[in-house]
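Chemist: Residues per chain are reported as follows:
Protein chains: 2
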Amino acid sequence: MAVAPEARRPIGQGGRSPGSLRPERWNEIVDAAGDVFDEKGYAAARIEDIAARVGLLKGSLYYYIDSKEDLLFAIVDGNHSRGIVVVEEGAALESADPPTRLGAFVERWIGILGANPGYAAIAERDLRRLSPERQAIVMDKRARIHRFVRDIVEDGIADGSFDAGIDPGIVTNNVFDVLNGISQWFHPARPLTYEQLAEHVRCFVLRGLGADPETIGPALP
Amino acid sequence: MAVAPEARRPIGQGGRSPGSLRPERWNEIVDAAGDVFDEKGYAAARIEDIAARVGLLKGSLYYYIDSKEDLLFAIVDGNHSRGIVVVEEGAALESADPPTRLGAFVERWIGILGANPGYAAIAERDLRRLSPERQAIVMDKRARIHRFVRDIVEDGIADGSFDAGIDPGIVTNNVFDVLNGISQWFHPARPLTYEQLAEHVRCFVLRGLGADPETIGPALP
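The listed protein sequences derive, respectively, from chains H and Z.
Here this note's numbering = 1-based position in the first sequence + 548.
Here this note's numbering = 1-based position in the second sequence + 548.
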């Protein structure tokens, strides 16, 4: 059965899947692509290698995708879609104080990292290899996530939870540089879990913003 | 006059230059390469474009280099060599307290960024495009710079200037993620200079480590 080009295009939003493929099967293919991109690097990764990991021939995999970039997009966009979920969950905390809201965001963000460590590393490293149109889709999500954190920072400056002298634009970028950098160096094989890492990073970030130690919560272990 | 291959190889250490070329002329060529890499991206940059900017024909530029990667190495390695200079200057501050030493490092590091903004962005983005041998040379410098900061963090934990609960490995990585991220988003066209940026980042980092506000020094503007 032929699949219309539009329906075949993977959109990587974690629920829908291309054409006639079961979502579980599509996720297996995307996971296999992520493993191969991680091991060989995107440029050197071959469709044959990805297909072989999921028991397909190269030609059969091309039935579902047009190019290797479709799989990269599924990974990068899917990772950012998970970030949007964190933002949407965070909106439910609106009545909490800004340090609590930012702390929850950092913990959930690092939770996503822990659940998909390879995906986050690829999303940071290979975003620029996507077509301009696909980069724009991802950058829209990034902008929305960035705005969410910046709003919390501005709320915290306004209500005195954070230092009035900080520049919200700068610290928001600092916070994302800390969060996005983690996937490039953290290996849970270190004697530390993602949960413990999240606790350290939450404290580093909230202190950096000048939050009252009382609001940061329990001291580090 | 023929130039021996070894002498022709640019080593980008800010003083020596390939073969018979005057250092000033070599620096002009490397600067032109940096501009072209920045504008077009390394992959799309053409030797012709670089040569044209310094009034050379492509063939004449190839007299001094073997490949485009020679110019990338000059930029990336040169940028890290400037980092080593900051470390060496920082060693002179050994008798100061850890927050002062780390604060001085952050300020000088961002000073380098301000002097060569395009270089730092290329160094972060395109490091992986160097040959494994050249990446190893750069990674050795990176490790030395990393060790310098980690030593300060450990000294600060030992003498109580920083929070005893922090993990020196994690926060050192957080600090470098903040510093290395800057070149990807900061534009001095914003109404803020590199000096003001450095002051914000210094406070963010020192607070993040739990330094006493007294030792951080003057409040933000």
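Incorrect hints may have been included.
Since copy identity is lost for identical chains, a pair holds within one copy or between any two.
Said to hold, decoys possible - In silico EDC-like pairs for lysine to aspartate or glutamate, Cα to Cα no more than 20 Å straight-line:
| id | residue 1 | residue 2 |
| --- | --- | --- |
| 1 | Lys606 | Glu642 |
| 2 | Lys606 | Glu743 |
| 3 | Lys606 | Glu636 |
| 4 | Lys588 | Asp674 |
| 5 | Lys616 | Glu672 |
| 6 | Lys588 | Asp711 |
| 7 | Lys588 | Glu681 |
| 8 | Lys689 | Asp583 |
| 9 | Lys616 | Glu576 |
| 10 | Lys606 | Glu762 |
| 11 | Lys606 | Glu637 |
| 12 | Lys606 | Asp618 |
| 13 | Lys689 | Glu617 |
| 14 | Lys616 | Asp711 |
Don't read these hints as lab results, they were simulated from the structure.
None of these values were measured; they are calculated from a predicted model.
Chemist: Under a CA distance limit of 20 Å, which applies to Lys616 and Glu576: within one copy, between copies, both, or neither?
Modeler: within (15 Å within a copy, 39 Å between copies)
Chemist: Should Lys616 paired with Glu672 be assigned to within, between, both, or neither, using CA atoms and 20 Å as the limit?
Modeler: within (17 Å within a copy, 25 Å between copies)
Chemist: Checking Lys606 and Glu636: alpha-carbon separation at most 20 Å within a copy, between copies, both or neither?
Modeler: This pair counts as neither: shortest intra-copy Cα distance 38 Å, inter-copy 54 Å.
Chemist: Given identical chains, is Lys606 near Glu743, meaning Cα to Cα at most 20 Å, within a copy, between copies, both, or neither?
Modeler: neither (39 Å within a copy, 54 Å between copies)
Chemist: Could you place Lys588 and Asp674 in one of the four classes (within, between, both, neither) given a Cα distance threshold of 20 Å?
Modeler: This pair counts as both: shortest intra-copy Cα distance 13 Å, inter-copy 17 Å.
Chemist: Under a CA distance limit of 20 Å, which applies to Lys606 and Asp618: within one copy, between copies, both, or neither?
Modeler: Close inside one copy (14 Å), not across copies (37 Å); limit 20 Å.
Chemist: With identical chains, the pair Lys606 and Glu637 could be close in the same copy or across copies; at 20 Å between alpha carbons, which is it: within, between, both, or neither?
Modeler: Answer is neither: 39 Å inside a copy and 56 Å across each miss the 20 Å cutoff.
Chemist: How do Lys588 and Asp711 come out at 20 Å by Cα distance, when the copy is not named: within, between, both, or neither?
Modeler: Neither. Shortest intra-copy (44 Å) and inter-copy (40 Å) distances fail the 20 Å Cα cut-off.
Chemist: Give the relationship of Lys689 and Asp583 under a CA distance limit of 20 Å: within one copy only, between copies only, both, or neither.
Modeler: For Lys689 and Asp583, the Cα distance exceeds 20 Å both inside one copy (24 Å) and across copies (30 Å).
Chemist: Given identical chains, is Lys689 near Glu617, meaning Cα to Cα at most 20 Å, within a copy, between copies, both, or neither?
Modeler: Result: close within a single copy only, 19 Å intra versus 34 Å inter.
Chemist: If the cutoff is 20 Å on CA atoms, where do Lys588 and Glu681 land: within, between, both or neither? Let me know, please.
Modeler: Classified as between: cross-chain Cα gap 18 Å, same-chain 25 Å, threshold 20 Å.
Chemist: Within a copy, between copies, both or neither: where do Lys616 and Asp711 come within 20 Å Cα-Cα?
Modeler: For Lys616 and Asp711, neither the intra-copy (46 Å) nor the inter-copy (47 Å) Cα distance is at most 20 Å.
In summary, the numbered hints that this structure violates are 1, 2, 3, 6, 8, 10, 11 and 14.
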